[in-house]
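Enquirer: Just so you know, the sequences run in chain order A and B. Quick note: the first sequence, position 338, residue 338 per the UniProt record's numbering, numbers continuous. Quick note: the second sequence, position 514, residue 514 per the UniProt record's numbering, numbers continuous.
Check each hint, because a few of them may be wrong.
Since the list gives no way to pick one copy over another, a pair counts as held whenever it fits inside one copy or between any two copies.
[Stated by the list, open to error] Mimicking DSS-like on lysine-lysine, the simulated pairs with C-alpha atoms at most 27 angstroms apart in a straight line are:
#1 K672 x K603
#2 K314 x K652
#3 K406 x K99
#4 K651 x K274
#5 K296 x K310
#6 K652 x K256
#7 K53 x K308
#8 K519 x K56
#9 K662 x K672
#10 K53 x K237
These aren't lab readings, by the way, just hints derived from the structure by calculation.
Spelled out, the chains give:
2 protein chains.
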Amino acid sequence: MSYTETDLLSINTIRLLAIDAIAKSNSGHAGAPMGLAPLAHILFTRIMSFNPKNPKWINRDRFVLSNGHACMLQYALLHLSGYEVSMDDLKHFRSLDSKTPGHPEPHETPGVEVTTGPLGQGFANAVGLAIAGKHLAAEFNRPDFDIVNNYIYCIFGDGCAMEGIASEAASAAGHLQLNNLIAFYDDNHVTIDGDTNCAFREDVVMRFKAYGWHTEVVEDADRDLEGIEAAIRRCHKVSDKPCLISLRTTIGFGSKHQGTCSVHSGPLAADDVKAFKTNAGFDPEQSFIVPQEVEKVYQDRALEGSEKEKQWDKLFARYQQEHTEPGTDLTRRMADLLPDGWQKSLPTYSPKDKLIATRETSGLTLDSLQAVLPELMSGSADLTPSNNTRWPSAIDFQPPGLRLGKSNWSGRYVHYGVREHAMAAMMNGIAAYGCLIPSSGTFLNFMSYAAGAIRLSALSRMRVIYIATHDSIGLGQDGPTHQAVETLAHFRAIPNLMVWRPADGNETSAAYYVAMTSKQTPSMMVLSRQNLPQLENSIIEKAMRGGYVVAEVGESPAAITLVSTGSEVCICIDAALMLRDRHGVGSRVVSLPCWEMFDRQDKDYRLSVLLDGIPCLSVEVLSTYGWERYSHEQFGLNRFGASGAYKDVYKKFEFTPEGVVKRAMATIDYYKDAAPRSPVNRAFL
Amino acid sequence: MSYTETDLLSINTIRLLAIDAIAKSNSGHAGAPMGLAPLAHILFTRIMSFNPKNPKWINRDRFVLSNGHACMLQYALLHLSGYEVSMDDLKHFRSLDSKTPGHPEPHETPGVEVTTGPLGQGFANAVGLAIAGKHLAAEFNRPDFDIVNNYIYCIFGDGCAMEGIASEAASAAGHLQLNNLIAFYDDNHVTIDGDTNCAFREDVVMRFKAYGWHTEVVEDADRDLEGIEAAIRRCHKVSDKPCLISLRTTIGFGSKHQGTCSVHSGPLAADDVKAFKTNAGFDPEQSFIVPQEVEKVYQDRALEGSEKEKQWDKLFARYQQEHTEPGTDLTRRMADLLPDGWQKSLPTYSPKDKLIATRETSGLTLDSLQAVLPELMSGSADLTPSNNTRWPSAIDFQPPGLRLGKSNWSGRYVHYGVREHAMAAMMNGIAAYGCLIPSSGTFLNFMSYAAGAIRLSALSRMRVIYIATHDSIGLGQDGPTHQAVETLAHFRAIPNLMVWRPADGNETSAAYYVAMTSKQTPSMMVLSRQNLPQLENSIIEKAMRGGYVVAEVGESPAAITLVSTGSEVCICIDAALMLRDRHGVGSRVVSLPCWEMFDRQDKDYRLSVLLDGIPCLSVEVLSTYGWERYSHEQFGLNRFGASGAYKDVYKKFEFTPEGVVKRAMATIDYYKDAAPRSPVNRAFL
Ligand SMILES: [Ca+2]
Ligand SMILES: [Ca+2]
């Protein structure tokens with residue numbers, strides 16, 4: 001635990017790599033890397049286990065920089081440690097198509113675990129990573145086989161501490177007693193607006209105590225390296241609480257302007273950099289320098305990490321022999337493969353089956369799949385009975401000491417509490433850990449609370465499943481405060497997010513099939529509260545394509561296409577019958593449960609579904625916003641809903657076969673002299 | 001402070017009104033109203049000042065039920081107190097077009113202050129109401145003239161306590177020392193998923209202490225009426241802290257299933273209701289009964305309230321004489337009028353003016369307007385220097401004891417901290433108080449964190465101004481984590497929210513003009529980080545219409561319309577010149593800064609902007625989602641952005657005149673044999 005000149009030199013090397021990179025890109029945040037360099041050096045050289053040559057080793061310690069704007073700290077450490085982040089990459093910090101973007105993204109940079117920068121996200125991701133670690137340890141560890149026993153280390157600043165998402169996650173972590181999580185609070189008293197005194201004077205340590213965390217304070221984290229390490233080692237001994245280490249640091253330590261908000265963002269002045277380099281014993285004329293003795297410290301540590309992974313490999317080889325079944329299972333999951341034939345468990349339905357809400361078909365699907373997919377981990381933001389997310393045989397994920405029924409850390413059902421935003425970010429963390437597929441629910445309308453994290457699921461390519469029930473005015477009496485209107489437009493507009501609004505049970509199964517097999521894409525299941533019939537022509541293979549013809553009614557060729565999703569598809573089929581019987585009009589009904597998937601089909605297929613030459617009317621009981629892409633005319637709800645029994649509300653807004661027929665006839669009339677092109681046809685891609 | 005049988009009878013009357021209404025509608029939540037009836041009775045008969053005949057009296061105490069699902073409690077109290085909520089309204093609880101929707105909405109029900117139900121919102125609204133009260137008191141009170149001295153009373157449950165938005169708001173309230181806020185925590189140990197033990201075991205009282213709140217605990221709030229009242233009166237003596245009173249209550253008190261989650265939602269069983277009525281001395285065969293002595297208690301209290309308002313009217317009449325200027329100002333603001341000629345202060349620009357980002361023109365507009373609109377209250381979620389939200393002469397809204405510069409409670413600039421969601425909800429509270437127009441900023445991308453509150457601005461018709469800067473990949477190096485893509489689609493799809501993306505200074509002024517004069521509509525200003533030219537043909541009066549022709553270039557009639565917003569309009573104008581010079585093609589450029597406003601124009605005008613018979617290409621550097629509504633072909637960004645210098649990133653994605661020309665030529669070619677209808681033409685409304 002003794003620290004030498006080489007450690008101080010290492011710490012200044014880190015600071016200078018950040019300073020030089022930010023100067024070169026003329027953009028970035030040097031203050032936090034300079035203040036946090038001592039902690040990061042200790043973590044990467046004395047505490048954490050990792051192998052830079054295999055950043056995906058399952059039992060590595062995870063490092064999360066929740067204040068992602070400080071990412072030059074992380075990039076510098078990854079470079080020093082020998083990850084595939086070269087000095088040249090550092091020199092291209094924040095430049096186009098570099099490996100070192102403005103905020104950390106795991107798909108861009110080896111060694112980055114989760115996408116951070118949007119404040120509070122990384123902290124909540126870290127809680128998710130800790131949940132995954134606890135769960136996998138409980139599931140796979142055996143006497144003498146600590147297969148999973150790593151730690152999650154997370155740094156966060158004032159910005160993260162102020163964000164609600166971090167509060168939610170901290171409260172959940174305290175409840176769950178995640179002692180594999182050690183979070184460092186960078187208490188530097190500075191934010192963009194100035195001294196934290198201007199908006200943030202709470203007692204953060206007391207707050208974390210209130211959440212049930214173990215807490216430590218290091219008064220001078222600029223200099224007291226021994227104190228930092230000792231605090232971490234005390235946290236390693238805590239058995240039933242997550243740990244907070246509050247570090248009093250100086251932002252921009254070593255700059256002339258240290259401790260002020262002027263060092264938060266942007267490059268340091270040239271003379272300030274020169275003075276820093278001179279004081280630290282570096283050549284003021286040179287940049288991007290790593291002294292040899294520093295290089296060696298990090299190389300030695302990397303060798304230790306590589307050796308640790310080798311030891312683990314040996315342990316796991318013995319484990320596979322002595323514990324064949326879990327060994328085989330974990331091997332499969334580490335390879336990111338689903339078990340052979342798992343999809344045979346997807347439920348199928350026929351029109352003779354009873355009316356049933358898609359939130360229920362979703363629940364039945366989860367129950368079928370959990371039996372063959374042990375990696376499935378479900379949950380809800382305190383709407384378990386409404387979201388149908390908990391299968392009957394589920395065991396809750398809870399700290400064993402609580403004695404809540406049979407619950408323990410091997411349980412696969414998480415009670416996230418009324419914490420939608422943190423729930424989504426925790427799911428991102430669970431997915432990022434690997435070997436697990438998280439799914440969890442709330443009402444569609446309250447998925448908006450989680451928007452910040454859901455977009456990061458899509459950006460960072462996490463296979464996460466959002467279960468969004470009560471998807472429209474069809475929820476009835478709860479009224480406009482709970483009825484989604486704009487929500488589908490919002491989530492459909494997010495790139496790489498599959499939004500599914502299935503019309504029945506088979507479409508629900510199709511949605512889960514695609515969700516499970518899309519390893520780089522999150523999915524959202526948008527599900528009805530009200531009961532719906534099982535359609536004549538819905539079959540999983542068709543629905544998997546995102547859009548298909550579900551009915552051709554009356555004379556052919558059809559005079560109109562009705563394109564719809566979810567609970568309105570059956571209304572459109574009734575409308576098609578009415579068009580035939582009352583008006584002698586032939587029509588086609590298209591179900592379009594997932595636009596993202598439909599768009600991935602070849603053009604011929606899409607044109608075979610949305611025909612050229614006949615008008616197309618969309619029908620969906622939410623905002624029409626965006627439907628012009630797949631239809632010529634739109635019937636929807638471009639206002640807030642209303643509180644009342646579901647059938648009364650549908651009738652008020654004319655979401656009935658009669659209401660659809662009225663608009664279909666107007667559409668046919670409008671296009672009678674000018675056959676429109678299919679919406680699939682475009683002038684350019 | 002003595003309580004009699006009549007009080008107990010009153011409390012049971014409240015419980016039974018809730019029970020009967022929920023039984024009749026077969027929907028709703030009886031548990032919380034039953035547990036909270038004692039507190040509500042005390043508040044409405046002994047504590048709060050209000051006049052049911054004038055629910056808008058400016059100095060009334062405000063009551064916020066943050067756990068809005070318990071709204072039958074509030075409706076019962078409003079009815080008993082003599083607000084325009086009849087017994088018939090209670091009998092139509094949760095039925096279509098009633099005054100008693102499933103969750104409270106101020107525009108539906110007299111006496112309701114803010115829209116609650118989405119958990120945590122009401123709590124944060126209450127903090128906003130308290131900010132408004134503190135500010136107006138500091139601005140208008142004079143020795144012997146306590147014009148504004150009311151309290152904000154807020155009830156919240158476990159659900160609200162778990163939501164991040166409430167944590168953010170509580171931290172802000174503690175910092176701001178809002179001693180006019182008294183919040184009651186309904187500590188009933190039950191949520192939808194069961195006992196709070198399953199997800200929520202933190203020490204809420206300690207947490208609020210950490211935020212800097214005064215705290216009180218009432219151990220038996222089912223029975224200890226004196227204890228509740230005494231705690232409130234102690235809070236009235238606290239001079240420098242908001243107050244939390246934690247009440248240990250029993251959910252569904254009096255039901256056979258009290259204290260369990262089975263009484264959280266849905267009606268009580270018939271036999272349970274009968275037993276309750278019999279025990280409470282009511283006729284088990286009758287429903288919706290208010291005993292005469294109970295009626296009298298509430299009528300007497302209403303008279304006291306009416307009398308208090310009369311006293312206040314007298315005080316204010318004297319105030320207007322002795323303090324003419326503030327008296328006139330407050331009178332105007334209470335009438336919800338803007339000062340004559342205020343709009344003359346809107347800045348105007350000419351093409352000779354320098355290039356300047358719209359975040360800067362927004363800042364200049366705020367600075368001009370603050371001088372003539374004392375009701376304008378600005379702020380930022382810790383991005384003050386980036387959002388340009390603080391005018392140079394601004395004084396910060398801060399507790400006077402802090403001695404931060406000249407700041408005090410009369411200041412009009414709020415440092416909300418990194419708390420986007422609570423910021424939006426606090427602004428809703430400030431707007432709901434009256435006499436103030438809140439505006440505040442963050443990056444467009446992080447407005448998503450506030451989505452839950454922003455939709456409620458629109459639903460509850462609050463004049464709130466969101467300042468969303470750094471509106472695209474144009475922010476450059478911060479990269480995809482900070483670059484909005486789906487965000488405009490999301491917010492444009494919200495009914496009654498005006499999303500403005502001005503192209504230059506005049507359009508910015510137009511946006512503020514419409515925002516200020518739209519008393520029932522929130523606005524979002526979507527603003528560039530990068531500099532933009534002042535356009536030739538932008539004038540405020542045109543831009544106010546939401547869309548207009550900004551350029552006609554080359555041969556007429558034009559072969560194509562380029563429709564665009566914000567930072568891409570000037571690129572389209574350059575493209576139009578290039579189309580003329582390189583291809584001999586005439587084109588029209590339309591700026592469409594606000595869709596919501598454009599849609600409100602008559603059809604002739606809209607058709608004069610988006611012509612029939614020529615193709616229309618939209619150009620906007622965000623998701624094309626939704627643009628099909630105003631264009632035939634779309635050029636946008638249907639993927640996440642990239643980290644790099646702004647010009648490099650624009651070039652990568654071809655947002656250059658050349659990139660626009662390429663797509664314009666493809667569009668012209670595609671439509672050369674079939675002149676398309678204007679997107680304004682529709683088969684039906
Ligand atoms: Ca800080
Ligand atoms: Ca509760």
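Enquirer: Just pull the numbers of the violated hints for me, sorted ascending.
Expert: Violated hints: 2, 3, 4, 6, 10; rest satisfied.
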